[in-house]
Amino acid sequence: MKGLYLIAGYPDFETFSRAVEIAEAAGFDFIEVGIPFSDPVADGPFLTKAAQEAIKKGVSFERALDWMRSYKGSLKLYVMTYANVLWAMGLEKASKELEKVGVEGVIVADLPNSEHGFFKSNGFSLPLISFATPESRRKDIKELEKVNEGFIYFVSVRGTTGGRFNPDEETKEKILHLKNHCKVPVVLGFGISTKEDAEEALKLAHGFVIGTEAVRRLSSGIKDFESWCFEIGKV
Amino acid sequence: MKGFYGRYGGRFIPETLIPAVEELEEAFEAFKKDKEAQRELDELLKSYAGRPTPITYAKRMSEAYGFELYLKREDLLHTGAHKINNTLGQAMLTKFMGKRRIIAETGAGQHGVATATAAALLGLECVIYMGAVDAQRQAPNVKRMKLLGAEVRIVEEGSRTLKDAINAALKDWVTNVKTTHYLIGSVVGPHPFPEIVAYFQSVIGREARAHFEEKGFYPDAVVACVGGGSNAVGIFRGFVDLDVELIGVEAGGTGDNLGEHARTLGLGKPGILHGAFSYLLYDENGQVLPVHSVSAGLDYPGVGPEHAHLKDTGRVEYAYCRDEDALFAFKELSRLEGIIPALESSHALGFLLKHRERFEGKKVLVNLSGRGDKDLGIVLGGGL
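Protein chains in written order, with our numbering: chain H, 1 to 235; chain U, 1 to 384.
Just chain H, same shape as in the assembly (with noise of 0.2 Å):
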């Protein structure tokens, strides 16, 4: 399962098209649409500061709703955004809006799943991803295994966004042990960005996510992108 991280209509919506045009033809199976919120506080200072820029240009949860029901594309949609942001629509119809235009699942960074049950109990029914850390506990891991809808984000460094894909051997113990016992895919995610990392990210896990590197090349343009994007593809 290789997935991409792309913020919805950044730099501009038709770039954002492209990239997901691209990352299907270079062999990608999921993007993960960012809505950006005005405080990440799972983000570096890159993804920051795009999110603030994405905003500025007017980039909503409404806007990238629409893009998602003009997707004619064919891989998954996944939904990657802060708690508040899907407060604000309302989460009942946040949930049955996203069902409709076919996303899969939805990663909120900031809603840790011991609050699934909050936002459950307010009527958001789309499958809400599971997060597995380096800190994850024994406990935690238990639960993980139950879990039975979308797949396990397995956040790679403590930290933000942005920062080195290393895991230490106690979380790549970790990473075997989910993949092993768990009834859904494992996904890594957090700090991977070079060919090397989505290699070591597959042999430890189903599958890898990459965020931030993925905005930084297209904002430096659709060419850079693309190549890279082929590049780690074929992995």
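Where hints are given, some of them may not hold.
[To be verified] Restraint-style ranges between C-beta atoms, simulated for each label pair: (1) H:Glu53 <-> U:Gly6: 45 to 55 Å; (2) H:Glu196 <-> U:Arg39: 50 to 60 Å; (3) H:His116 <-> U:Gly216: 25 to 35 Å; (4) H:Asn122 <-> U:Thr313: 12 to 22 Å.
Bear in mind the hints are in silico, worked out from the structure with no lab data behind them.
Just so it is clear, CB atoms sit at the ideal spot from N, CA and C, and this is done for glycine as well.
Let chain H serve as the given structure and place chain U on it in line with the hints.
Relative to chain H, chain U alone:
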């Protein structure tokens, strides 16, 4: 529900931080039961911070305005504000957990100074995040923090105020969670922070209540300013079960238009920011709105979840005070009582002066949460 005040609160933070907040919750429960730790904290509050603080009857101001004004003198504490109650407690808690590094956000710089002070006292490494706008308008506190041995990191993201300092501190915490405690300065953030800060600040209300019980009467009303809301929760908790009016005063800024105020409870709606579901100022797309207050400590688009609950239940009335009325009260208390109040606390006073008819003949207790030396530049310079 655990970790909630009514429907407000919770833990809306990245998964990586969940073990840390659970560890903190366990440590806090153990800390509360540890008699030796409690004794040590009481001793620090007494011999180091200067507790108990007195209650001053403001005679000249009362005569001039027609009410009986009592001031809870948190401005007399070491470092000049109520913030030290919480930082000493949480710094002890940090050592209790075996961590050696603390980080904190600061708006007006009072919490940063109080954190740096507690870190110096207990030998902890300390990093303070402060928005660039705040660092400029509260420059003396930046120097103070550095002198106390803290590293001050200036935040240039977003609105470059308190909100962005909290974002930066959360990002540091998620990166260094193994070694670091995030010493939050107000009753905000994920559970158990609002409860920890309220616990350490409730000493204000306990002392105030005991004072009035000794005098044989209670005040008719208790008034406190509300940014995140720690001094207000601290004093309200002493009176919440009594037939006493409780009034929280938010920063009214220059008006009710977008970006002119920080009236989170007055003009916001429930939303999710910085780990909690509470009232919040945000637009139709969920983006947090810019806020304004002449006071850096109140310049925040969120508020503690306990206040959100107290608003919905109607137990506390949430009012506001404009910049100009706070500045007027700042000067008035200085002139009439020889007490220079912090601009934050001046909002509680300014509300009272503006509504003097309503309080005519009444006994009113104001939490004078801090002193105003840090604000002279703003006040004498004509405001920001």
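Glutamate 196 (chain H) paired with arginine 39 (chain U), Cβ distance criterion 50 to 60 Å: Given range 50 to 60 Å: holds, Cβ gap about 56 Å.
Take the C-beta atom of histidine 116 (chain H) and the C-beta atom of glycine 216 (chain U), compute their distance, and say whether it sits inside 25 to 35 Å. At roughly 53 Å between Cβ atoms, glycine 216 (chain U) and histidine 116 (chain H) fall outside 25 to 35 Å, so the hint is violated.
Do the beta carbons of glutamate 53 (chain H) and glycine 6 (chain U) sit within 45 to 55 Å of each other? Violated, at about 38 Å.
Evaluate the given range 12 to 22 Å for the C-beta pair formed by asparagine 122 (chain H) and threonine 313 (chain U). This hint holds: roughly 20 Å between Cβ atoms.
Against the hints set out earlier in the document, violations occur for numbers 1, 3.
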